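Peer 1: One-letter residues, chain by chain:
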Amino acid sequence: MQDSIEKVIDLKAPVSRVWQAITDYKEFGAWFQVDLENPFVVGEVTRGAVTYPGSEGVKWESTTEAIEPERLFSFRWCPYADDNEIDYSKEPTMLVEFRLEPTSTGTRLVVTESGFSKLPDKAMATEALRRNTSGWDIQAGHITAYVES
Amino acid sequence: MLNPDPVPVLAALGDATRLQLVSRLAAGESLSIAELTGGLGLTRQGVTKHLRVLERAGVVSSSRVGRENKFSFEPDKVDFVCSYLQSVSDQWDGALSRLQNLVES
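The listed protein sequences correspond, in order, to chains U and W. Just so you know, the working numbering puts 1 at position 1 of the first sequence, and the rest follows in order with no gaps. Just so you know, the working numbering puts 45 at position 45 of the second sequence, and the rest follows in order with no gaps.
Do not rely on the hints blindly, as some may be mistaken.
DSBU-like, lysine-lysine: derived pairs with alpha carbons at most 35 angstroms apart [what the hints assert, rightly or not]:
# : chain 1 : residue 1 : chain 2 : residue 2
1 : W       : K77       : U       : K59
2 : U       : K12       : U       : K59
3 : U       : K7        : U       : K59
4 : U       : K7        : W       : K77
If you're looking for bench data, these hints aren't it; they were derived computationally from the structure. All values reported here derive from a predicted model rather than from experimental measurement.
Starting from the given sequences, assemble the full structure and let the hints guide the process.
Peer 2: In structure tokens form, the structure reads like this:
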């Protein structure tokens with residue numbers, strides 16, 4: 001059972017360029033909209049502050065899990081840590097993975113964010129959620145769509 | 001944000017039995033523990049335990065009707081989780097289009 005959001009994007013740029021844009025902390029910060037203080041190093045914490053409009057100043061903390069050059073970059077973070085007064089270090093974390101593969105036109109990038117829930121067996125969940133007829137049906141559909149995607 | 005934490009709700013929903021209980025209650029009718037126990041292959045105590053987990057997460061509420069506790073579905077928390085997941089998805093779309101602009105320029 002997956003509990004993830006997955007995004008696939010085909011980029012017209014070589015793998016080496018995309019790799020740099022996602023693993024160099026300054027370049028990462030430019031498109032993710034976060035001002036990071038230190039580079040991504042496996043096993044270490046990268047800190048910073050979000051620059052995303054509406055969330056400016058929210059603390060960023062990620063722990064780098066894997067750096068496999070031009071193939072896989074991953075880190076753990078707590079994306080709902082939007083209250084700087086609360087210690088989120090003991091909260092559950094999401095795993096964000098960037099997987100790269102070369103294509104004829106450039107690079108296919110697959111981003112996965114997982115850990116939102118531990119829903120049981122997919123078929124059972126879908127069946128349970130489909131059976132009812134209220135507005136919950138629609139909401140459940142949303143959740144199922146996300147956790148299955 | 002008033003309630004920035006969707007995880008307790010997702011964790012409460014992350015169980016086959018609880019999902020079934022929510023599914024029954026989401027039809028709209030308030031049900032007693034006895035009514036909810038039927039067909040689940042669980043004891044009354046087992047069902048009660050699961051209902052309390054859902055109640056703590058705010059997914060269901062209970063009220064006393066005569067000698068029985070009746071449980072009802074509370075859609076607000078689930079709505080919150082759905083809008084949260086939608087916002088995460090939207091943020092990724094925005095971030096990846098900025099990444100695209102950066103590497104393709």
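Peer 1: Look at each hint and say if it fits the structure.
Peer 2: These are the hints, each one checked on the structure:
1. K77/W to K59/U: Roughly 25 angstroms separates the two Cα atoms, so the pair holds.
2. K12/U to K59/U: 32 angstroms, holds
3. K7/U to K59/U: 24 angstroms, holds
4. K7/U to K77/W: The hint holds at about 26 angstroms.
Of the numbered hints stated above, none is contradicted by the structure.
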